[in-house]
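Visitor: Residues per chain are reported as follows:
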Amino acid sequence: MDLVIPHPRGLYCPPGDFFIDPRRGVQTAVITHAHSDHVAPGSGGYICSSRCAPLVRQRIGARFNIRPVEYGEKFRLGGCWVSLHPAGHILGSAQVRIEWRDEVWVVSGDYKRDPDPSCEPFEVVACDVFITETTFGSPLYQWRPGEEIAREVLAWRGQARECGRNCILYCYSLGKAQRLLAELGRLDAGVVYLHGAHLAPTIAYHEMGIPMAKFQLAGDASKRELIQGELVLAPPNARGTKWEASLGECETAFASGWMALANARRNKGYDRGFVISDHADWNSLLRTIRETGARRVIAMHGDAAALVQTLREQGLQAEELAEARAV
Amino acid sequence: MDALVQLVRALEGLGDPARRIEALARAWRASAPACSAWMLSLLTGRRPRRLVNPEDLLPESARAAGMAPWLFEDCIRRSGDIAEVIALTCRQEAGVTGEIPLERWMENEFPIMRALPPGERASRLMEWRRRAPREHLLILNQLACGTFRLAAARNELAAALRQVLGVPAPLLAWRLMQDWTPSADFWRALGDPAGGDVELTRIPETSVPMEIRLNDLAEENADNWQAFWVPRGESAQLIRRRGGTLLWRMEEQDWMICPDELEAAARNLPDRTVLLGVVENGEAAKPARKNTSRKPADETDIRFIAMDILEWKGEDTRLSPFADRRMQLDQSLGGAGALTPQAAIPASGWNELTMAHRQSRARGYRGLDLRRRQDGGEWFRCLADPLVFHCVLTSYRQESWSEEAELTFAVWDGRGLVPVAAAPMRLEDGDGQALAGWLNSHFRERFGPVRTVDAQLVFELACEDVRPAPRRKAGLELVHARVVARAAIPASRASRVEDLAGFLPRRSPQ
Ligand SMILES: [Zn+2]
Ligand SMILES: [Zn+2]
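Protein chains in written order, with my numbering: chain X, 1 to 327; chain L, 328 to 837.
In short, the hints are calculated from the structure, not lab data. C-beta atoms are modelled at their ideal positions from N, C-alpha and C, and glycine is treated no differently. Be aware that a few hints might be false.
[Said to hold, decoys possible] What the simulated footprint calls covered on chain X by chain L, stretch by stretch (three residues with Cβ under 8 Å from a Cβ of chain L suffice, anywhere in the stretch; the number is not a length):
id: 1; stretch: 249–262
id: 2; stretch: 269–283
id: 3; stretch: 308–318
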């Protein structure tokens, strides 16, 4: 029997009677991490890692019943033993291990293998069946170390500084911004400025003890201090807004794994692109699947065709997650 | 090579010309002379001939990346560029070689590869994938496959070169027009502040006419002024030096090939003479590049309308009485043919001039010039009343730090809209603010700082003229367009390209 099946509300575990990252309210929701496409309000109870809990609360509000658990701590859901294990994606992100009779399934959630000073490193969990994300399911995506990218960002700031311009680096508010801050902090980058949207998650990281570069709010209308030649992190939806204009003449960049391809860099409408991602690249996907020892792999969350075909050629049982039927 | 890698990355995303110029100048400043020369060569569109067929790289590249052929092809499908796929996926050995200068590739490696039988070239190229830095591979492969594209507009190149080399624009343009091969020597010669061509290409400073309305001069004695028709065309200087004739296009800041007929007519002028004027029907003679195939300029009826003498036999004439210079022009040039003086208006008194002014567009002129007969000759210009068209707003470009947006306007060509003009507008205050609100709620797609909007709003656009624009889809464009007002008509009733075409210059005015 399949321990995890697709359901219109998300991934469902029949013997445990719970959902993983449901898109709508359910009875019991196990949450892999606090990104908006993985947490929805309205469920009866939420279970997530202890460092994920404050971030989930930020996302859906405090009125919901959230039960934090430690990594590796086994708890009972229906007939299953369930535990969470670090996924290396963002702070508090988890893989979900489900044990039922003598079967072990692991749902990866979003994950990466690259070192990241802002979150717990990925832990390989042996399993029979591995449900893996495939956001970057092509060999075109091969990441370089985050530190190298941070150095490039600083070189960029150095160049813009000579011209008295600010550099706005657009990146997602939760995870990417803090990873950049953590990498920059290690390089003694000085103060890095933040768009308001980045502030709450960054403070949450700070309170959970993640060392990061000094940060400060940029474009605070009440006490706007003009900054010049500084690095500012902002969410992509701030591009082209009044807020951006308030920073004066600036250079723009986007930090994302998609920036690996020239076509993407040209079409996104930023001056430049930095290739840095919190998802597994192609080699990490293959390596992780191998290390779990899984005999069956189910790929989801992305264009999985190339990965599935490659795994089959390696003699594994591999498939794409079937689309759930409408209720 | 590093500088070129950086430059390619920089130009990829930048739309703002000033930033692009900055990136170009930075790349040149960071490069040795030979490398700079090769970058210039690539930037001017001189791509090396294809060395390797991209298809030939396929099997070995897939093997080098440790991929099944189908997977490698899947990557090419996603990327669209095999050179990029190789650069992103090939497995490299530790200890890659460091920087290999661009000139070594262009002068040594590629010629060696070219000397090999085609079948062996791909393997030789693939050898490099193990040694060259990953970021260089993309460009190396593109150069070898003939797919390298690095576009910079001519004026961007010229501005950046001027910054880096400190050489005046005409001299730079002249040196680039000559036959040259990229080398350190060429680069040094390009920036040489001395040299035999410095005097040859020297362009005298010119004054520009001040635009006024005829009424502004009503208090003046009309007899002190001489009036001329303003020809349609582009401002230029005609230069006679060392027995040859050069044409300098003042707006484009570039040289133009002088057609035989004009050259012959100019031979009557003394050496070391510079005339200021307008080139009529000059489109066919552009550009002056020797390596672009254009139809020879002398197949067209190019005319130079001389308006003034800037130098005569090596002497600066700009401060001599205008009447003397004009007399000199009349005596030296015929009244017809390829080289003629600006047509004078035999009018006396402001009333007759006012009549003439009203007729200027009908007679094929832009308006009239007024020159004071004595002294250096104060120079005023009264342009004909503007043409007005109804144009549809289709997109706008706004850099976030700028208060002004550049709006693009289009007219109907059959059932489609074709852009014919761009006009600036402040979006901060008054009408602009209302428009900004509309733009925000009607925007469709964003391409960098450019956003397309629903084609619904019609504006009255005033312009000085309509001119041919071969590079535009419409084939024409409005000259100096500005927004007059919103027009309360539906987009379907905006002007048509035929309406505009009716105002294009006919081959010869009168
Ligand atoms: Zn995520
Ligand atoms: Zn996700």
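Visitor: Against this structure, judge whether each hint is valid.
Guide: Hints, one by one, checked against the model:
1. Residues of the stretch 249–262 of chain X with a Cβ under 8 Å from some Cβ of chain L number 6, which satisfies the need for three, so the listed coverage holds.
2. Interface restraint, the stretch 269–283 of chain X with chain L: holds (5 residues with C-beta to C-beta distance below 8 Å; minimum three).
3. With 3 residues bearing a CB less than 8 Å from a CB of chain L, the stretch 308–318 of chain X meets the requirement of three and the coverage assertion stands.
No hint from the list above goes unmet by this structure.
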